[in-house]
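Chemist: Here are the chains, one letter per residue:
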Amino acid sequence: MGTINSAFSLISGALDADQSALSIVANNVANANTPGYTQERPTWQENQPVTINGLSYGDGVSETGAKSLRDSVLVARLDQQQQLASASGARLTALNSVQALFPPDSGSASATAGDIGSDITSFFNSFSSLEADPTDNSLREEVLSSAGTLAGDISNAAASLNEQSAALDQEASGVTAQVNALTSAIAQLNQQIQTTSPNADAGTLEDQRQEDLSQLSQLIGINQVKTENNGLSVTTTSGQLLVSEGSSFQLTSGQSGGVTHFFVGTTDVTTQLASGGGQLGGYLTARDQDIPNALNALNQLAYNISTQVNTQNSAGTDLDGVTGSAANPLNIFSQPATVAGSAAAMSVVMTDPNQIAAASAGQGTGDNSNATAMANLAKQTIVGGQTPTDFYSNLVSTLGATISGVQAENTAENASVTQLQTQNNALSSVNLNDEAAAMSTLQTSYQAASQVFNLLNTIMTSALNLGVQTAVS
Amino acid sequence: MRVDPSYVSNLVGSLNQAQANQQQLTAELSSGVRINSLSQGPVASGENVLLLNQIQQDDSFTQSSSLVTGQLQVADSTLGSVVSQLTQAISLATGANNGTMNASDVKAIANQISGILDEVQSLANTSYQGQYIFAGGQTSTTPFTTSTATSPGVTSYNGDQDVNYLVTPNGQKIQLNVPGSQIFLGSGTNSAFEALNRLVADYSTGTVNTSQAVSDTQALSTALNFVSQQRVTIDDSITQVTAASEAVTTDQTQLTTAQTNLMQADVAQVSTQLSQAETQQTALEDVIAQLDSASNSLFSKLQ
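Listed in order, the protein sequences are those of chains A and B. Heads up: take any position in the first sequence, counting from 1, add 6, and you land on the numbering used here. Heads up: take any position in the second sequence, counting from 1, add 69, and you land on the numbering used here.
Only chain A is shown next, with the shape it has when bound in the complex:
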């Protein structure tokens, strides 16, 4: 049989529960704008009933603590998508700087400065013009000046690409410090969580760990594995351990082959990081793939044009009657030794326009057949199986297609991030409407409990006074 006393203890328990629930709501409202905060709900638990003489009586309510509203699968997906979006974002930024070097020529009278396509055409056209009057000095000067423009624009583009690559290299190596700070913070949080909350959600600590993981996801591609006692292991997407529960492993960087490489322990993980995701992945993809692709194409262009033009010019006779030979070639461009680096080194070495060999070997200086042959190089497949112009056109459209692909990818990934974020926010972020409703409910419930307490008090008084109203109040 329940007593008035037991009713007292039951209702005061309810008041306690309401109070702690109110403080949870207040904490939610206070942290409504805190990044990484996961909204908490009070956990209500019905107390064990008391059985007296075979009859079961309820024993009130307890509030057993705040529970964070967290969907760890959703959050992990969000992190993953964030890694992809950061990678394509960083790569896109780098690629946008690359494409600025290849501005599309609008075709207006003032040709876009630095347009290599026009330079190639002008250079070979200058030989076509020379056909008309092979001894004319101004036409010969035109050949050298258009050669200078072509070589200058190609070497400038190559130099800029090299600079961009170096800048990306620096940015990439700057990421390591941030990654290491985050991984050691995660390791520390792991320890705390494993000690304080091995079996349940660790609330605030978990929020912090999650926030660190999201930040880490912006930097590099990671996998997360839950371990026992609520611990967490973090690996790179290729499986290199960065955090194992309480201990973290440093990501280090070092120079190798002129660029920064990244290591976990002694393992070189540069290639894996490049394809892994995060900002670092984007930087490395641009540094090791996109820029080298563009640079290789320029190198091929520079190497083949230089070599073929030099060979053809040396095969003819110049205005002074000199015929080029292997020992004494009539080189217009500096002769590149290897394809690699030939774009950056491309320059015009010929200073005397008379040395342009318009005539075929042994012919009179008025002959134009070697000039015709040089102009004809523009129509021959001298660069990677294509004509120089076709090759450049291909370079431009390949680059453009890559960038536009990355752009589309980035847009889609960002949209997906936004969507996941919306889903996650809907679950985990503080909704003030909900809090107001909860507040209002708790207020009512607290008031009701107080009222019950008050009534019980009156009843108790009646009982103590045995019906006399005034003796004890």
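What the hints contain is simulated information worked out from the structure, not anything from laboratory work. Treat the hints with care, since some could be wrong.
No farther apart than 20 Å at their CA atoms in a straight line, the calculated lysine to aspartate or glutamate pairs in the EDC-like style are these [unchecked claim]:
1) Lys242/B <-> Asp145/B
2) Lys242/B <-> Glu315/B
3) Lys73/A <-> Asp440/A
4) Lys232/A <-> Asp77/A
5) Lys385/A <-> Asp320/B
6) Lys385/A <-> Asp128/B
7) Lys176/B <-> Glu188/B
8) Lys385/A <-> Glu116/B
9) Lys242/B <-> Glu188/B
10) Lys385/A <-> Asp358/A
11) Lys370/B <-> Asp440/A
12) Lys232/A <-> Glu217/A
Computed footprint of chain A on chain B; a stretch qualifies when at least three of its residues, placed anywhere within it, have a C-beta under 8 Å from a C-beta of chain A [unchecked claim]:
13) 114-124
14) 147-153
Remember, it's a predicted structure, so these values are computed and weren't measured experimentally. Just so it is clear, CB atoms sit at the ideal spot from N, CA and C, and this is done for glycine as well.
With chain A's structure known, arrange chain B on it following the hints.
Modeler: Frame of chain A, contents of chain B only:
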């Protein structure tokens, strides 16, 4: 149902998107160019390189063609003068051959024909912009010199047989010169210089070996026909250059139209898009303002 309480920040994202869109459209309108970077049209950018290449080739050929036309016309008019000089020589020789002239008249004819020989030689040595036009590839060497050490004198050719061609953008080869030896020395009986030298020798003594002189006169008239034939080659080249130049100009016009269509912004379309983007932005701004002013939580109702 659960909702994302921070959806206003998503709306701000859309607002930024709308603004970026407007910037892009405004840039297109102000530059008039549809494609300002490769990624906006990878295929079009590649195609643009090829079109511009052809347009510039055409442009360059148009300039070259006016240059060579000048040279070809000089050659043509020079050969015209040569023809009239040779015609005059033939009529002088025909006069001398009819046997009515006395020795001093015949000698005078010899002098006149000798003068014509000099004139034809100087025409054959014509230069254009400092380059001999009938010297084959040896354009810096005087192509014809006459030695009078023997009788008849000998005119020799110091040029070569080299022929230059101008290649049009579509690969047609147009002959730019005829080597002087082919025009003036011909082969055997077609040599104008040989016939002139022989006629000078025929008449220089004052006594005419009529049959020899008639035969030499005949040879000169054959040579004259041959020169005229060679002139046709030059005329043909002029016609070809003119035709090619016209074709190239037409081609260039078409290519430019294609290139313009490819790269230029469609102003009407871009303006429409811009106005749509503006409307969208205004609408979004209104929505955000409304949400802002509305009491966005129940807390404002709690007493």
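Chemist: Does each hint hold? Answer for all of them.
Modeler: Here's how the hints hold up against the structure:
1. Simply put, Lys242/B and Asp145/B have alpha-carbon atoms about 19 Å apart, close enough for the 20 Å limit, and the pair holds.
2. Only pairs whose Cα atoms come within 20 Å are accepted, and Lys242/B paired with Glu315/B is accepted, the gap being roughly 16 Å.
3. Distance check on the hinted pair: Lys73/A and Asp440/A sit about 15 Å apart at the alpha-carbon level, within 20 Å; holds.
4. Between Lys232/A and Asp77/A the CA atoms are separated by roughly 14 Å; this keeps the pair inside 20 Å, and the hint holds.
5. Between Lys385/A and Asp320/B the alpha-carbon distance is near 18 Å, which keeps this suggested pair within the 20 Å criterion.
6. The suggested pairing of Lys385/A with Asp128/B holds, with an alpha-carbon distance near 17 Å, which does not exceed 20 Å.
7. Using a Cα cut-off of 20 Å, the hinted pair Lys176/B and Glu188/B holds, with the two alpha carbons roughly 18 Å apart.
8. Between the alpha carbons of Lys385/A and Glu116/B the distance comes to roughly 16 Å, so the proposed pair stays at or under 20 Å and holds.
9. With a C-alpha separation of about 33 Å, the suggested pairing of Lys242/B with Glu188/B is violated against the 20 Å cut-off.
10. As the CA atoms of Lys385/A and Asp358/A are separated by approximately 26 Å, the hinted pair breaks the 20 Å bound.
11. Between Lys370/B and Asp440/A the CA atoms are separated by roughly 13 Å; this keeps the pair inside 20 Å, and the hint holds.
12. A hinted pair counts as satisfied when its Cα atoms are at most 20 Å apart, and Lys232/A with Glu217/A qualifies at roughly 16 Å.
13. Only residues whose C-beta sits within less than 8 Å of a C-beta in chain A count toward coverage, and the region 114-124 of chain B has 10 of them, enough to reach three; the restraint holds.
14. Coverage of a stretch by a chain is defined here by at least three residues with a beta carbon nearer than 8 Å to that chain's beta carbons; for the region 147-153 of chain B and chain A the count is 0, and the condition is violated.
Violated hints for the displayed structure, listed by number in ascending order: 9, 10 and 14.
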